[in-house]
Amino acid sequence: MNGGVVTGGWNFVVAAYSITVAVLAIYGVTLITRLREERLRASRDANAK
Amino acid sequence: MSKRLFLAGGVLLALACYFGLGVTFADEYLHADLSLGLPVVARTLIAFLGGLAAMILFFAAEDFEDLTQPRTLIVAGIIFMLIGSYFGLFVAPPEQYMGETQRIMYVHVPTAWFALMALTLAFVSALVFLFRGSFRWDARLEGSIEVGIVLAFLLCCQGSIWAKPTWGVWWDWDPRLTTTAVLLFAFIGVLALRRFVEDPLKRAIWSSVATIIAYVDVPIVYFSVKWWNSLHQQQSAPSTVSKPFWIPLRANAFGILLLMTGFIMLRSRIAALRVENERPPLMEEAV
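Protein chains in written order, with the working numbering: chain Z, 510 to 558; chain B, 40 to 326.
It should be emphasised that the hints constitute simulated quantities derived from the structure, not laboratory data.
Glycine included, each C-beta is placed from N, C-alpha and C at the ideal position.
Hints may contain errors.
As the list claims (entries may be wrong) - Covered stretches of chain Z, as calculated for chain B (at least 3 residues, CB under 8 Å): (1) 517-527; (2) 536-546; (3) 549-557.
Bound-form chain B, shown alone:
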């Protein structure tokens, strides 16, 4: 069952890659139309939903004993990132106004997407743990938060490096940057809380509640550029991004998606092993 779900996830990912990357590559470099008559919006939607569904299936297939699945995802993620970085650094042309610095966007934007995605997974894990009481979801919660923090930290570093040549400063207390910093520290706080509580059940419940509270900042981060007069630019859409920029952006997006999924799976195993060592026999019966 686990292998079948994992394979189904792989098939969906291949479909997402076909419409998200393959069609654009054929159109841009081979001058061939492989779109099957689908408009850009439909193809982008298939790529997005296919990637999302693949990730859900990978988690559904998760076997805490077997390390083959996370390893496969991490290796695939590295390959996608190598392709994306090659196109981003050496093939895509410089942007009209931002010049070469625009190449930072090919790693910055996917990092932002999947930092928020990892923290959304943490939120879902917190809700499921509170309703079902399964410690596997507590392990996923810990894994998602830690990977989300790593990606959010990386996001802030990349953003600062991009801000210096374009805005003239490394950091500005603008709504997008401020809410992202708050998000990073709120989730670091949740992990710190987990370190301070020794009882596994109390730790799981308290950190689930803290995660739900901290998650309130995720939609605020996303909409901050629309709600307030932010220095940070608004979200782009396929219609506002030139075609030569699509391949590096999307290849890196698939790469970080796979790396994030593989990392969360590995980190969840560490958390699960730790909880197994800590749990008294009575609680093992209960969950």
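With the rest of the complex left out, here is chain Z:
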């Protein structure tokens, strides 16, 4: 902070964008994995019936 003006701060910007990309990417991957598992389970159950 310098006379009411925030100076620097690129490290915070990089941190915020990185966490945004990381959280959205990890969540997207977990969705695909869970959907695949659930589809496999559904097809296994259908075959068993």
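Once you have looked at the hints, place chain B on chain Z.
Quick look at chain B alone, frame taken from chain Z:
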């Protein structure tokens, strides 16, 4: 029918992008007036309503068997976010007082909008399930809550990272932050409740009621900065935001809107498949 609705949603989204992004881009970088004589307020309203209507049409077109729709939305969302982040990080100038840290706003503000939007969808799904009893709405409820929680968690992380250089602290128990934390934990509670109840019908009814109760906090979060003397700044409007900041903010907003819609569609499919496996034959007849 499903494809037509999806295409109609795409057309509305293109209209929203034209008035929300295209006109501003042409004005700012090409010095061309593509506004068709419409004032800023009207263009912003068209962009907002067009995006909202497109999202509703995408959900109306939802085909639980076909994965093309959510994939298309997620890919489009990533493209919008890449454009928004490029403009936000490398093109838009630093803000007069907040300097470079203001660039965090380009992801923080859209995340906040669509965290509340996802939870509003959960509220609508809860109401529709209670009135119609269709398990598709229960699946949408689960999908919307989970995506809402992910976005609300992300919102709190981005907010903390922004608060440290500007407020000097990572967290403060100010009304906006406190009500957002309450919102996050209330909806985590609703998801936890779904884990504990084994009977699909009871689970759907109880979690719908819990969602309606938890949703009471959403308007409180939104209006907290107006009702109380909050450290958090009040909502901005196009008149209070400089034009060079519009493109990254709006591109990221369209990006997160599309990602949120695609994620909710995928998550709803997981919930629907799980319910199908659990449902006894008698209940299948009833719904």
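Evaluation of the provided hints:
With 8 residues having a Cβ less than 8 Å from any Cβ of chain B, the segment 517-527 of chain Z passes the three-residue criterion, so the hint holds. Given a C-beta distance limit of less than 8 Å, the hint that chain B covers the segment 536-546 of chain Z holds, as 6 residues qualify and 3 suffice. Judged by the Cβ-Cβ criterion of 8 Å, the segment 549-557 of chain Z is covered by chain B as claimed, because 3 of its residues qualify and three suffice.
When the structure is compared with the earlier hints, no violation turns up for any of them.
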